[in-house]
Amino acid sequence: MKVVLDRQPFVEVLSNLSLLAPSRPTTPILGAVKLSTDSKGKTPYFNLYTTDFEISVSVKCQIKKIMDEGTLILPIGKLLPILRELQSDDVTLESDLAVGLISVEQESYKIVGLSEAEYPDQSAPSEQTTNVVLPKEQLTEAIKKVLISVSNEPIRYCLSGIRINITDDKVNFISTDGRRISLLETNPEKKSQTNLGTTVPPKALQLLRKFIQESEVANIAISENYSKFTSKTFEIFARSIEGSYPDVKAAIPELHKIKAELNRSDFLSCLNRISLVTNRETRAVTLTLENNKLTLEGQEAGASEGKAVMKCNTLNGSGLKIRFKIDYLLDFLNNSDSEKIIVQFNSNTEIATFNEPDNKNYTYLLMPIVLRDEAE
Amino acid sequence: MNNNSLSKILFHIDMDAYFAACEIASRPYLKGKPLVVTNHYRHIVLTASYEARAFGIKTGMPLYRAQQLCKTLKIVFADPDKYISTTGSIHELLLTITDRFEPLSIDEVIMDVTQVSSNYCDAAKLAYKIKFEVKKQIGVTCSIGISPSRSISKYASGVNKPDGLHVISKNNFWNELKNIPASEIAGIGSSTKLLLKSVGVYTCIDLHKCRIEILLKLFGQNAFHLKSLILNDAVKTFYDREAAKSISSSHTLIKDTDNIEILTSFLEFLVWKVSDKLKMEGLTATEVSLSIRYEDFTHSNHSTTLKEPVNSTSMLYNIGKAILSFYLPLKKKVRLLCFRVKCIEPRYKQLTFLNMQKSSRFEVACQKINRKYGNFTVKPAMVMLFEAFGKPEKVIPPVFTDIYGKTYRATR
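One line per chain: the protein sequences are L and W, in this order. So that you can map any letter, position 50 of the first sequence is 50 in this note's numbering, and since no number is skipped, the others follow by simple counting. So that you can map any letter, position 181 of the second sequence is 181 in this note's numbering, and since no number is skipped, the others follow by simple counting.
In short, the hints are calculated from the structure, not lab data. What you are looking at is a predicted structure, and each value in this text was computed from that prediction instead of being measured. Treat the hints with care, as some may be off.
As the list claims (entries may be wrong) - Okay, derived cross-link-like pairs now, EDC-like style, lysine to aspartate or glutamate, Cα gap no bigger than 16 Å in a straight line:
hint, chain 1, residue 1, chain 2, residue 2
1, W, K307, L, E281
2, L, K144, L, D337
3, W, K307, L, E153
4, L, K321, L, E290
5, L, K64, L, D38
6, W, K349, L, E281
7, W, K342, L, E281
8, W, K331, W, D256
9, L, K228, L, E127
10, L, K136, L, E216
11, L, K360, L, E339
12, W, K307, L, D327
13, W, K193, W, D206
14, W, K321, L, E153
15, L, K307, L, E297
16, W, K170, W, D233
17, L, K170, L, E189
18, L, K249, L, E350
19, W, K349, L, D337
20, L, K203, L, E235
21, L, K232, L, D38
Throw the hints in and build the complete structure from the sequences for me.
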């Protein structure tokens, strides 16, 4: 194999793929990328394929010229830093059996890779799937908003994934770590015939978010054990996370006693300031909602404390003092694009609901913090 | 004699054939049978049940000799964790009465009940109550000696063994001392006994009356200790415990192993212990660490800080397993596992909408059994198999299966 490639876009694709490469691979297959030439179309392409045994990604990257067709499997951990450091835009990459030779003008680098026989093949399992097509904007927004609530603790493993439920005319993206829930409904362009749900590793959706920028739509195919995201330029294939995902919809209250509308940027800036004085371990902020007034308080006993009062529009009920982990509030506000937000409470020990008035499909639910005496 | 110094009422509570009793409590089918508890190397008798003692079997006797004396002898391996845990349960029970007691050993306690019993009649009633509760809740019997002195209480507890009660009250204290040989007092061994005999000290009353100058000549500075033995009534408070900063549990394996299944089972076993302690103390873990000592005595430690404090057994077990995976693939055999949590009493509690902290019915049932019959009457099957047979020894390197079902073994 011998090709000439444009360094910058190739480095970008490799950087995205490096998300799957562990820093200390336990087997050479992990962290290796398979590069195959594809000259069937008008423009020459590299097909890049990598896997971490849970997720596999196949992505097309345009290259300048193919001199010799072929396949090369190289470790991303070696290939990417070398390409990043090179100055020239045109890079020649050629293979000598399993050895890759990178050359630009006066420089050349050799990297020992793997033979094709050592690398897993790319044949997809044949399982009945449910398919929907989602536009890029909806998909990007959904991933951005649900990624924040994914659990990163090995407590209940299924919570470390994002639940995708495909129903008749909706695709629901759900994530929770037990303390908060992100729930977003999207309307697919092409509707599904059957209802199905699966739990997808967040890395697969992070990759999807990166690669979908080049496409308009993505096809989502899910089965009980797998999920596949495809467009013209990429294919992401992920094994589902096992375990029964909790029924988060059961946690959503039907009625709320207290409802208020807040200016998102005011609330965010107040919280950012209060976060500077809150306890580093508990990170608790106290919100007191009175008539058209929201008071935010944070303190670290004997070290610092702060209080901020902001205007709000109390729509229903008032007079509540509730505590939240400030980081969970900041996560929601930082990932929201809305000018206003609607907050709804029942009591200081029950789940609170946060919505964007202009996006009824998105709901963020957050459990409060209680003092030990209150909890008992 | 002056009775003013005999103002206290002290209990000496001694468990009867303790290790054997613990084993019988957790395995009722052994009740009434001659039983010895032995060490894992099958060398000596650690404890013999009263049925075995009837055959002349004694603590410290070689096991083969015990088997010669009793052909139907049942042999049980010692389970130190179980005995320690049972002792903890007994201490908890005693703490409901008073905290003025000192554990003297794993199966002995000296307790000051002066504040809870106004006279020896009340004290005897209380002693019966303790004996009843220990038998009911823990499943073992104990003998109690009551007197105004530590050493005489200890002697008294041995008078009516097993399941006995003996009272030496303030009023007949001095009379009783006349009949108690000095050598019956804990701390007076055979050589001390001979020296005491040489100066005419045979009984406790002789020892009490003996002039300190005589004893000083024989025993030097130890004379003061000997002299104070009879009337010593000082009992410390059980625990002036500070809030626990960390709770740990470790286990030295009977045989070094690199079998992941066995190690995982032992990890589960340790997590149960730690989680149980956390729940009893009302604490939650904020940091979890797992230390491993290898066969060559080198050791390694990995820890993780938790976002939210936890005390649930299943959560701690999952975290423990995740930490254990850092050690894989194992290069050496493991000798010891130690599971440790840094803990706090949380003032702020983050609520969850999932019942993530709730113990499963299985966990609750295991806790109840283990608290009653000792840790760990219920333990992972793999742990029991390993303890019994020391095998399997097959090394299982981690295997990865790719998304297409093809498997790969780790090379590192």
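Verification of the hints:
no.	hint	verdict
1	K307(W) x E281(L)	holds (9 Å)
2	K144(L) x D337(L)	holds (11 Å)
3	K307(W) x E153(L)	holds (8 Å)
4	K321(L) x E290(L)	holds (9 Å)
5	K64(L) x D38(L)	holds (12 Å)
6	K349(W) x E281(L)	holds (11 Å)
7	K342(W) x E281(L)	holds (14 Å)
8	K331(W) x D256(W)	holds (13 Å)
9	K228(L) x E127(L)	holds (11 Å)
10	K136(L) x E216(L)	holds (5 Å)
11	K360(L) x E339(L)	holds (14 Å)
12	K307(W) x D327(L)	holds (12 Å)
13	K193(W) x D206(W)	holds (12 Å)
14	K321(W) x E153(L)	holds (12 Å)
15	K307(L) x E297(L)	holds (4 Å)
16	K170(W) x D233(W)	holds (13 Å)
17	K170(L) x E189(L)	holds (10 Å)
18	K249(L) x E350(L)	holds (15 Å)
19	K349(W) x D337(L)	violated (30 Å)
20	K203(L) x E235(L)	holds (14 Å)
21	K232(L) x D38(L)	holds (14 Å)
This entry does not satisfy hint 19, going by the numbered hints stated previously; all others are met.
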